[in-house]
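Chains as they are written, first to last, in my numbering: chain R, 1 to 386; chain F, 1 to 386; chain W, 1 to 400; chain X, 1 to 400.
FYI, nobody ran anything at the bench for these hints, they're computed from the structure. One or more of the hints may lead you astray.
Calculated lysine-lysine pairs in the DSBU-like style (CA-CA distance at most 35 Å, straight line) [as the list claims (entries may be wrong)]:
id	chain 1	residue 1	chain 2	residue 2
1	W	LYS79	F	LYS276
2	W	LYS315	W	LYS79
3	X	LYS243	X	LYS223
4	X	LYS315	X	LYS38
5	F	LYS216	X	LYS268
6	R	LYS276	W	LYS313
7	R	LYS276	X	LYS146
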Amino acid sequence: MTGLDLRVELSPEQRMLQDAAARYLEKAYGFQERQAIVAAGSDGDAGKWRDFAQMGWLGLPLPESDGGNGGSALDLFLLAQAFGKALAVEPYLSTVVLGAMTVAAAGNAAQRARILPGVIAGRTRLAFGCTEPESGYALLDVQTRARASGDGFVLTGDKSVVLGAASADHLLISARTAGARDSRLGISLFLVDRTAPGVTLRPYGTIDGRRAAEVKLQEVRVGRDALLGELHGAAARIEHAQALGIVTLLGEAVGCLEGALACTVEYHRNRHQFGKPLSSFQALRHRVADLYVAKEETRALCLLAAHAHAAGEPGAAQALAGAKAWVGQAGRHAAEEAVQLHGAIAITDEYVVGHYLKRIIAIDRLFGDTGTALDRYIELGRAADA
Amino acid sequence: MTGLDLRVELSPEQRMLQDAAARYLEKAYGFQERQAIVAAGSDGDAGKWRDFAQMGWLGLPLPESDGGNGGSALDLFLLAQAFGKALAVEPYLSTVVLGAMTVAAAGNAAQRARILPGVIAGRTRLAFGCTEPESGYALLDVQTRARASGDGFVLTGDKSVVLGAASADHLLISARTAGARDSRLGISLFLVDRTAPGVTLRPYGTIDGRRAAEVKLQEVRVGRDALLGELHGAAARIEHAQALGIVTLLGEAVGCLEGALACTVEYHRNRHQFGKPLSSFQALRHRVADLYVAKEETRALCLLAAHAHAAGEPGAAQALAGAKAWVGQAGRHAAEEAVQLHGAIAITDEYVVGHYLKRIIAIDRLFGDTGTALDRYIELGRAADA
Amino acid sequence: MTAVPGTQQPLTDLEDFRREVRAFLAANLSPALAERVKAGFYLDKPELDRWQRALHARGWAGTNWPPEHGGPGWTPMQKYVFEDECAQAGAPILIMMGLNQVAALLMAAGTEDQKRRHLPRILDGSDLWCQGLSEPNSGSDLASLKCPAWREGDEYVVDGSKIWTTAAHWANWCFLLVRTSSDGPKQEGITILLLDMKTPGITIRPIIGLDGMHSLNQLFLDKVRIPVSCRVGEEGRGWPLMKYFLGHERISAAGIWKCKAHFARLTKIARETRRDGRPLIENPRFRDRMAWLEIRMRALEVILLSIIGDSAKAKGAEGALLKLRGTELQQEMLAMMSEACGPYAVPFHPEVLRSGWTGEHVGPEFAATATPFYLFWRKSTISGGSSEIMRNVIAQNLYP
Amino acid sequence: MTAVPGTQQPLTDLEDFRREVRAFLAANLSPALAERVKAGFYLDKPELDRWQRALHARGWAGTNWPPEHGGPGWTPMQKYVFEDECAQAGAPILIMMGLNQVAALLMAAGTEDQKRRHLPRILDGSDLWCQGLSEPNSGSDLASLKCPAWREGDEYVVDGSKIWTTAAHWANWCFLLVRTSSDGPKQEGITILLLDMKTPGITIRPIIGLDGMHSLNQLFLDKVRIPVSCRVGEEGRGWPLMKYFLGHERISAAGIWKCKAHFARLTKIARETRRDGRPLIENPRFRDRMAWLEIRMRALEVILLSIIGDSAKAKGAEGALLKLRGTELQQEMLAMMSEACGPYAVPFHPEVLRSGWTGEHVGPEFAATATPFYLFWRKSTISGGSSEIMRNVIAQNLYP
């Protein structure tokens with residue numbers, strides 16, 4: 001990807017999606033309302049979730065054959081961008097992107113029919129449990145084990161920081177059915193009822209106002225029909241889910257920086273010190289200009305990555321890694337600058353800008369931080385050269 | 001070095017040295033005069049060199065027993081700081097610091113008597129040829145060979161970027177007398193007459209207005225009395241010369257940043273745009289403030305390193321490496337900022353600030369650049385922990 | 001010709017003093033408490049009070065105080081050693097408003113009665129002070145403050161609001177800046193009052209921080225009546241006295257000692273945390289960043305030691321430099337601790353931070369505090385003179 | 001619901017066009033010349049003229065020109081492809097003052113006679129233009145220019161000085177801004193004149209750059225007489241026409257194509273240079289820096305492609321962004337090439353840079369140019385609208 005494939009144009013339908021999302025969220029998801037949702041502590045607002053379903057967002061990326069809208073990863077990115085700006089906390093990533101899209105890709109007809117209509121309608125929620133206490137960012141480092149038993153499997157192990165786990169109906173759990181701890185082969189995915197015997201959750205809030213949990217599986221029995229996709233062959237599914245998860249996070253990150261810039265500009269326009277609005281201080285103007293530049297650079301890289309992923313470009317994986325690294329580095333710096341440029345008000349929970357920083361930090365710590373992503377970027381670049 | 005050993009106080013004698021150097025150089029070494037010296041192309045000005053001798057600077061760090069002033073590495077640092085601010089181009093580093101100090105440390109009585117009085121009086125110049133075309137910054141990677149022959153040695157090999165070579169009377173040449181190419185043992189130092197048969201120079205100017213040369217040794221015969229110090233045992237001598245060379249370069253770097261800050265402040269005070277002096281633009285004021293900070297940080301680190309080296313502190317080598325890395329990184333950035341903060345005038349050869357940048361770049365490329373120095377810093381830190 | 005400067009004698013004395021401080025800390029600071037301080041857990045008021053009593057019993061509560069007021073009469077270098085050792089050991093960090101700024105002000109400009117009344121109680125920890133300086137519309141431009149006060153008989157009546165008041169919910173006294181006149185330049189007409197927090201009319205609104213915790217407050221003063229005897233200095237002449245607040249404490253605010261303690265902790269975390277099959281400290285990128293932090297920290301400590309005891313420099317460009325860069329270093333160290341958590345940076349349960357919480361935390365122990373700590377300390381480049389103000393101060397010194 | 005945007009058809013056409021450009025370059029650009037261009041050696045005027053003639057013969061000299069004036073009538077995307085291929089191939093970089101700015105101005109505001117007289121000679125390379133804009137005391141604040149001119153009969157008499165004039169020693173025409181009135185705001189009273197460089201009274205003082213080379217000049221105009229017919233637009237109304245100069249060329253100045261070519265060269269150097277027993281590209285620190293540069297470069301190219309053909313954005317915040325960051329990237333790449341030289345960054349013999357020099361250079365081949373090139377291009381963030389001015393432009397757009 002070094003030439004004309006860098007030109008990303010949105011279709012009229014995509015612009016409509018952007019507009020609709022922006023309009024709805026501006027009206028229905030103001031910062032005060034958002035804070036009230038977080039304070040309620042119930043993993044997003046049920047009414048909003050119904051709205052999302054009604055607008056077709058819960059089925060946006062799902063195949064039309066499963067009742068979805070057949071949207072692309074780029075569509076998903078654009079929706080996530082709007083979520084990011086509004087700091088929406090509903091468990092869209094876990095239910096739709098990581099959960100339902102994996103069911104759609106890996107599930108058999110029965111599994112898809114059992115799960116997806118409920119997701120699309122807003123009745124069913126999913127969570128994706130593929131991180132473990134010792135895995136760090138390496139999703140294929142799986143110690144949870146599933147052994148065959150009778151007509152099904154028995155799962156035992158720990159999953160960490162499972163987003164949306166406590167409100168999910170079903171958990172997608174990766175478990176080792178063969179192979180050594182870090183072997184690519186021998187990982188399988190299972191659909192586990194959140195309330196199944198042997199499943200224990202320790203739920204908690206997250207720094208960015210969402211809900212997650214530590215999940216303990218102690219001899220959890222599931223049937224043969226709980227196996228999602230090929231036995232031993234889930235690695236590629238997990239990686240695909242991760243890639244689509246990253247696309248979503250990149251969208252949110254762009255939205256966060258847009259929001260952070262917008263509130264900084266607004267604040268500087270209105271706040272007076274030394275008898276003048278802050279927007280008239282050149283040192284601050286120049287730093288706000290740099291904030292704009294960082295936002296635009298981030299938008300360009302993330303949009304490109306989403307586009308490349310949607311189009312199946314050969315350079316897509318590297319573009320995703322590069323954009324993820326960038327968000328963790330330049331995105332974090334930009335969000336910190338936005339905080340600094342506000343002064344004291346920014347360090348309170350009552351004001352919006354600090355929450356953009358929190359979300360950017362959380363985004364960096366999901367699916368590989370700056371360093372992990374940069375390593376991957378370099379490795380993929382080297383592989384492409386060879 | 002993490003506590004009270006970080007307190008560096010100058011003695012009254014050291015303050016006098018600083019004052020004398022600053023006074024002389026301000027009077028006798030203005031930028032126009034400096035440019036004329038460079039344009040003359042003769043490796044510094046002979047009159048200035050005589051002045052240096054007269055002021056005792058050429059013998060400053062040399063032992064009193066050899067006719068020197070017995071000054072410390074910290075004294076040397078302070079003098080170099082004044083040289084750096086004035087951008088003095090005389091071959092002090094090659095003749096006094098690398099050359100004469102090595103002769104004083106390694107030479108026998110006869111060698112010291114033959115060389116040092118001439119250096120102190122300003123009659124004799126030396127050059128230090130320890131870098132080779134393939135060695136990069138690794139001074140112990142020596143391919144030049146010296147084989148015993150009759151009562152002496154025969155030297156063959158190439159030395160690169162030998163500062164002050166063409167104007168030197170004697171070259172200090174490292175050569176392998178035993179061992180493999182990168183072995184620490186088996187390196188010896190020789191005093192070679194610059195005009196000896198088999199010595200060919202390709203002289204050139206340097207980016208920072210000095211003179212250097214590529215030196216080719218083709219079957220150069222030297223007597224037994226040319227061997228400087230122990231046969232096979234010059235590695236530590238070379239490293240010591242390098243350390244003292246770094247102390248000198250750090251002093252110059254601090255002087256350069258002082259000069260770069262001073263000319264920026266001066267320029268901003270006097271230059272008007274949009275009806276106001278540049279010093280009244282807040283964005284520029286803040287960047288000049290950062291320039292001041294970088295200068296102070298650099299001064300602190302370099303002064304500490306020189307002090308630690310002078311005092312023989314156990315952490316001295318690491319402090320030198322850290323300061324050297326810093327100068328290459330933050331020092332370069334500061335010098336580039338000083339250029340940027342001047343605008344167009346800075347990119348001409350006629351104005352001083354670009355020459356500070358040039359000198360900072362040259363300093364980074366001598367005795368190990370930022371990366372090399374940082375590697376060493378980390379390695380020494382690890383060794384100290386172990 | 002010249003020799004390495006001969007500071008051997010005082011250095012030896014200082015090393016003796018350092019041993020004395022260490023012995024005190026070993027005897028008085030429990031390892032469990034020290035661990036919690038280093039990890040950034042919140043302490044409650046009784047814990048802070050206990051520590052101040054321990055210091056006071058030793059005669060070390062008012063480190064900056066002259067002996068005539070009960071201070072230890074230390075040299076600047078002794079204070080440096082004391083602060084350094086306390087930070088390294090993980091001693092509780094007291095709320096210094098009373099001990100430093102208010103005390104300095106009273107010693108310089110208080111009436112004998114004010115001194116007698118307040119100083120001993122500040123020193124022994126009976127009184128905790130907060131400050132009412134900033135207002136919703138007066139931050140960096142403090143002199144533009146508006147909080148009106150007017151004289152009625154032997155009292156001032158204050159009617160306004162103050163914000164960003166640390167520990168107002170714990171304090172029993174407040175140092176207050178009010179406007180008694182709006183004529184003339186904004187620096188005139190500012191009056192300093194000392195407010196007993198039990199006075200009727202005070203409402204405290206907690207301000208929850210990004211870390212989910214309560215340390216800041218907004219004060220609403222609804223016709224609060226303060227006796228004239230609680231005025232410091234003359235009416236309308238409070239601004240010149242503000243030098244005891246502003247600039248004075250940049251060196252503590254720079255927190256070089258804190259940096260060193262954070263760095264030690266970061267090193268420990270980086271050694272103990274495995275990522276990609278090796279300790280984080282072996283990751284070349286992480287290791288490089290740590291090396292740069294260490295180098296930068298060293299630079300600041302050298303600068304600090306070079307100006308120690310020189311109060312003009314401490315208030316000038318050098319002090320501003322230390323505040324500017326010291327707080328940046330701290331922030332970067334805290335950011336790296338949060339990074340070291342990996343995905344465990346995401347869980348957030350502020351109840352863990354509170355004193356007395358005994359539940360089980362999620363992920364590695366340091367993860368419980370690392371990210372909230374990072375978020376909370378974004379304020380270090382904002383409060384106590386923001387980085388922007390520090391650059392202004394430096395520029396002012398460069399172009400006098 | 002939606003699909004990847006359907007730009008397939010034009011992209012295919014563009015790939016055909018790209019092949020056409022490549023074929024032209026293969027046929028007309030000698031590998032030796034291309035190597036020298038990529039390495040940053042100076043070309044002499046005959047070499048530049050030869051290249052312009054080759055382009056002109058193909059009809060590709062005035063890439064921005066409409067067909068009615070002899071331009072190829074390319075779409076913005078075609079221009080992008082052309083520039084990209086030329087940079088990758090190492091085509092000589094012409095002095096574009098005449099071809100871009102002067103031509104655009106004349107097409108918009110020149111008399112028919114001026115167009116007839118100048119445009120064909122600009123296009124075929126008969127005339128080389130330089131610009132007399134900046135003055136010793138008017139840089140970023142260009143409108144404050146003072147160079148006085150007054151009318152005497154059918155002539156203007158100009159008496160002043162201009163500085164930073166690239167290639168004045170080669171040019172036969174100069175685009176000149178003069179002040180014909182000092183009344184009113186500074187933007188008024190500025191007049192545009194076209195100056196034949198053979199006119200008596202012009203003195204050219206070479207300004208040697210940090211790279212030791214001569215490309216800039218100062219012009220002294222000593223009562224130089226210019227016919228009124230050489231005025232563009234009305235007297236005193238030159239400033240509004242300046243939009244053809246300012247802002248217009250930010251996208252070229254951003255040099256994204258140049259970045260890509262530099263990056264390719266840097267990659268090659270990093271592969272071929274051994275340091276510490278391995279190729280530099282295997283050094284983790286160097287490799288990381290290259291990765292970030294590549295990522296940042298990618299971002300700029302995406303932005304460039306997103307605004308291509310949108311001249312409002314090109315002149316607005318987006319164009320300023322590209323200029324700001326594009327030049328920074330170039331500078332960092334050049335700095336890394338200099339770093340790759342190791343100690344061989346120190347030798348400096350500007351004669352090597354000159355066209356026609358055939359001696360032996362010192363150290364690796366790329367070392368001959370890397371450091372002078374780095375030094376010379378410090379100017380890229382200063383000229384063509386400095387980074388500071390770019391930030392002003394962006395802020396102006398954020399606070400309209």
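Name the hints, by number, that the structure is in violation of.
Violated: hint 1 alone.
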